[in-house]
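Protein chains: 2
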Amino acid sequence: MNNYSKIGIAEEARIELHDRLALTGAEISINTLPAGTSVPFVHSHRQNEEIYAILEGAGVAAIDGKSIDLKAGDRLRISPSAKRRFFASDTTDIKYICIQVKENSLKNYTTADAIA
Amino acid sequence: MNNYSKIGIAEEARIELHDRLALTGAEISINTLPAGTSVPFVHSHRQNEEIYAILEGAGVAAIDGKSIDLKAGDRLRISPSAKRRFFASDTTDIKYICIQVKENSLKNYTTADAIA
Chain U
1 MNNYSKIGIA EEARIELHDR LALTGAEISI NTLPAGTSVP FVHSHRQNEE IYAILEGAGV
61 AAIDGKSIDL KAGDRLRISP SAKRRFFASD TTDIKYICIQ VKENSLKNYT TADAIA
Chain Z
1 MNNYSKIGIA EEARIELHDR LALTGAEISI NTLPAGTSVP FVHSHRQNEE IYAILEGAGV
61 AAIDGKSIDL KAGDRLRISP SAKRRFFASD TTDIKYICIQ VKENSLKNYT TADAIA
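Residue numbers (this note's numbering), protein chains in the order written: chain U, 1 to 116; chain Z, 1 to 116.
A pair holds if it fits inside one copy or across any two, identical chains being indistinguishable in the list.
Below, computed lysine-lysine pairings styled on DSSO-like, alpha-carbon distance capped at 30 angstroms:
hint, residue 1, residue 2
1, Lys83, Lys6
2, Lys6, Lys107
3, Lys66, Lys6
4, Lys95, Lys83
5, Lys71, Lys95
6, Lys66, Lys95
7, Lys83, Lys66
8, Lys83, Lys71
9, Lys83, Lys107
10, Lys71, Lys6
11, Lys95, Lys6
Honestly, the hints are just simulated from the structure, not real lab data. A quick note: this is a predicted structure, and the numbers were derived from the prediction, not measured.
Put together the whole structure using the sequences plus the hints.
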């Protein structure tokens, strides 16, 4: 495996980076939900924590039956067991990054993991 | 721990999400390097794979002595052992997300990790 891999991202409804960048510690997807639509299922996860970064637009995350408003700039962590579903706003698309990582997998980070 | 946590992101030079969102599988930072500046050190990592998503602007990643041009929309994976340093363009700031995860920590993902 090379020590790095790089791609540019065009506009698509959902882009998945795991295979395209040969990721080993995360799956990362960039998603666009058109206004008035939703991910058509409620689900939870077995092992993975999810982190959402809202890039553009607005919408709602339904988490364990509670509605959380989302807008550009918001960052959201969701535990594996939480039952979730995502909705775009009725009037605007929502574009977001979703990062899936194994819960409790990170040991050290930043300076504690760095070698100068 | 709650099953979710959410924050909004204002404009700061570097924002770190691990503690603010109680992340357990990743550290995620949103960084802005002003035009003409760089991260002032070369470093590698012990355990962590890094993924960079360029949000705005342009710059260069020097990886193991090779210069990789970066612009908005690019996504870059870097292995732990790679020696890296980041530069903004001379003429524009670069704004990017950096995701740190433990190499080889992800087991299943998306539908293989989901519970309907």
